[in-house]
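Novice: Chains as they are written, first to last, in the working numbering: chain A, 1 to 264; chain B, 1 to 249; chain C, 1 to 221.
Treat the hints as calculated values from the structure; they're not laboratory data.
Careful: at least some of the hints might be erroneous.
Some, not all, of what chain C presents toward chain B, calculated at C-beta under 8 Å [claimed, not checked]:
{"no.": "1", "residue": "3"}
{"no.": "2", "residue": "37"}
{"no.": "3", "residue": "38"}
{"no.": "4", "residue": "123"}
{"no.": "5", "residue": "124"}
{"no.": "6", "residue": "139"}
Bear in mind the structure is a predicted one, so any value in this text is a computation, not a measurement.
Glycine residues also receive a C-beta, built at the ideal position from the N, C-alpha and C atoms.
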Amino acid sequence: MDRTLPFVVPLAAALAVAVSGCKKAAAPPVQALYVAAAADLSDAFGEIGRRYEKATGQSVVISFGASGLLEKQIAEGAPFDVFASANVTFADDAIASGSCLADSKALYATGQIVLFPAPGAPFAAHTLADLADPRIRKIAIANPAHAPYGRAAKQALETSGVAAATQAKLVFGENVHEALQFAQSGNADAALVARSLVATAPDTWSPIPPVLYDRIDQALVVCARGRAGAAAGRKFAAFVATPESRGILTQFGFAIPPGPALRP
Amino acid sequence: MIPERGESTGGGAAAAIDAAAKDSETLHVRVALTRAASGFSLDLAFDVPPGITVLFGPSGSGKSTTLAAIAGLVRPDAGRVALGSRAWFDASAGVDLPVHERRVAYVFQSLALFPHKTATDNVTYGMDRRLSREARRERARALLGRFHVSHVGDRKPATFSGGEAQRVALARALGMSPRVILLDEPFSALDAALRAALFEDVLGIAKDLAVPVLMVTHEKAEAAALADRTVRLETGRRRPDDSRQREQS
Amino acid sequence: MFPWEPLALSLQIATAATLVAGVLGVAIATWLANSRASWRDLVDVAVTAPLVLPPTVLGYYLLVLLGRRSALGHAVEAVFGAPIVFTRAGAVVAALVGSLPFVVKTARAALEGVDRTFCQAARTLGAGALRAFFTVQLPLARRGIVAALMLAFARCLGDFGITLMVAGNIPGETQTASLAIYDAIQEHQEATASKLAAALAVTAVVILYAVNRLTAAEHDS
């Protein structure tokens with residue numbers, strides 16, 4: 001057993017760290033509000049959550065992930081009070097499963113797509129027409145089959161008349177993150193991605209006229225079986241609709257849906 | 001030097017030996033089994049009265065399988081194994097006493113001394129659990145002393161010589177106060193001098209305990225030196241010219 | 001600021017899951033090693049099957065099996081007053097399911113590596129099956145079993161997909177180091193991600209090194 005002593009020591013240290021976590025990870029004294037939010041909302045909702053905490057003293061715990069996954073988890077009993085989806089369909093699904101409240105459904109933002117040319121590409125594309133250029137060999141978009149941003153990208157290509165010229169060049173990423181990574185790594189010459197992904201680096205991309213694609217509605221719902229309760233959830237949802245929060249959303253690349261009251 | 005009959009070897013050894021002596025009866029063996037995979041089949045019947053019976057035959061004749069069946073490690077297809085009138089196995093009556101209840105000391109060819117335990121702990125392993133720990137260790141010490149291997153008491157089997165290991169194995173067998181002793185080719189790994197010494201040990205045990213001792217070997221010399229009776233095996237059956245009795249000289 | 005919380009959580013969950021996987025896995029491995037039942041191999045395949053499924057898929061089925069809508073989920077809530085999914089207990093179950101196949105495979109090999117004659121000798125010496133197992137077979141398989149446990153620990157530390165589905169990614173409660181690293185990368189906090197990844201890697205390396213030394217020592221002694 002002497003040989004194992006040098007290894008017992010670091011393991012014991014690891015256990016000490018583990019045990020130290022015990023006290024901290026105990027349930028917070030004031031019931032926290034649990035929010036499930038789409039992955040691309042991490043910047044925007046992170047900031048909104050912080051402002052809400054400061055304004056109300058209510059602590060907010062946000063779990064970011066793929067909207068589809070989060071919806072399935074909520075259906076199976078995940079204890080979230082608010083679910084901010086990347087599109088409306090999953091919010092509808094959450095309501096249909098009985099986990100979330102139909103009357104709380106609200107559009108909190110509209111997604112936008114932009115054109116991101118790969119750094120160091122032989123030809124930097126700035127418009128959709130540019131994508132027809134033979135020097136653009138691969139264009140990355142999110143998979144239109146299940147990603148709303150992918151569907152919008154495909155639609156924009158069709159409406160602007162370059163679908164035939166670009167069809168063979170399309171490369172699908174599992175989601176907009178992956179599509180962006182294809183372009184960032186140079187494996188694709190350009191990508192059509194969510195503006196929220198690249199909002200903080202405005203010189204690197206070009207906007208695409210929103211008229212070219214159906215509005216990407218992003219909806220949130222308040223859920224019945226969350227830890228803090230529906231009332232607390234509704235308060236947070238109302239905060240997301242305030243001008244202050246809208247400002248944050250705009251800053252991080254989202255557009256605000258038309259109309260003062262955010263109702264679909 | 002092996003003590004003469006009547007000479008005291010210390011309370012422990014004598015007590016261990018006495019306990020078994022009261023149980024002495026004849027072992028009745030009748031087993032039949034077939035191994036589908038290899039086509040091997042065993043079908044024999046014989047008795048083992050108190051004293052040394054040698055099970056003699058070439059490799060592959062079924063000697064070890066017979067021992068395993070007696071110990072309960074292998075379940076015969078048919079037959080009966082009984083000590084006196086107590087049946088340990090009876091196919092027709094559906095009796096099959098589990099291994100650990102038969103109290104059969106089985107000294108394997110490889111000895112199977114537990115490598116992670118000292119000689120003393122090996123010897124105490126089979127002793128009555130109702131005895132106190134100290135009492136068991138005392139008996140173990142006495143048994144090891146009887147076989148002149150006290151000096152390995154606190155050592156582990158990896159450090160034993162062939163002869164020491166053999167003797168510790170015998171001490172362990174005695175430690176469990178067995179009703180029957182099975183020895184599987186006990187001397188195969190030893191040189192002539194050690195063999196001779198161990199012959200004495202085994203003969204001594206047989207005399208003291210008066211329990212059935214069934215010893216498997218393929219060496220004629222051993223059989224000649226030790227057997228009170230011989231059972232000859234050949235491919236799973238007794239040879240027709242079998243059952244020679246021999247007076248103990 | 002080093003994110004200790006996810007790392008502490010990972011270590012806690014991995015320790016608990018390894019203990020349970022160890023006891024359960026060794027029990028199953030013992031049965032597989034010693035049994036002569038004809039359906040033994042079927043059980044082996046069933047236990048190993050989770051390795052074949054993608055972790056997220058496995059996690060999803062586990063979620064459906066244990067979630068609040070399931071019969072099992074209702075039973076758990078009735079007894080404990082709270083669901084098992086999306087809690088630390090759920091994270092332990094997730095890590096346990098991912099590491100059990102490793103424990104069973106490795107422990108079985110270790111137990112089968114113990115010469116049967118030793119157990120047979122123990123039985124003839126009067127030991128029942130349990131006593132023979134605990135005093136002879138298990139101690140002689142000790143090194144392999146410890147290696148199995150350490151492999152399980154490393155696997156539990158690294159679990160991602162199953163934990164994500166069954167326990168969720170709730171910071172402070174079920175966000176293990178693996179999930180936190182993924183989050184940090186998504187949120188462009190590469191520095192945090194790197195620090196956490198390094199800490200996790202160092203822990204895993206120390207453990208694997210220990211496994212190597214322990215299993216190599218067999219041949220040295």
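Novice: State for each hint whether it applies.
Specialist: Cross-check of the supplied hints:
Among the interface hints, the one on residue 3/C is violated; its C-beta lies about 44 Å from the nearest C-beta in chain B, farther than the 8 Å criterion. Evaluation of the residue 37/C hint against chain B yields a violated restraint, the C-beta minimum of about 15 Å exceeding 8 Å. Interface hint status for residue 38/C: violated, as the beta-carbon distance to the closest one in chain B is roughly 13 Å, over 8 Å. Nearest Cβ of chain B to the Cβ of residue 123/C: about 4 Å, under the 8 Å cut. The hint holds.
Using the Cβ-Cβ criterion of 8 Å, the hint placing residue 124/C at the interface with chain B is satisfied: the shortest such distance is roughly 4 Å. A cut of 8 Å between beta carbons decides the hint on residue 139/C: the least distance to chain B is about 5 Å, and the hint holds.
Violated hints for the displayed structure, listed by number in ascending order: 1, 2, 3.
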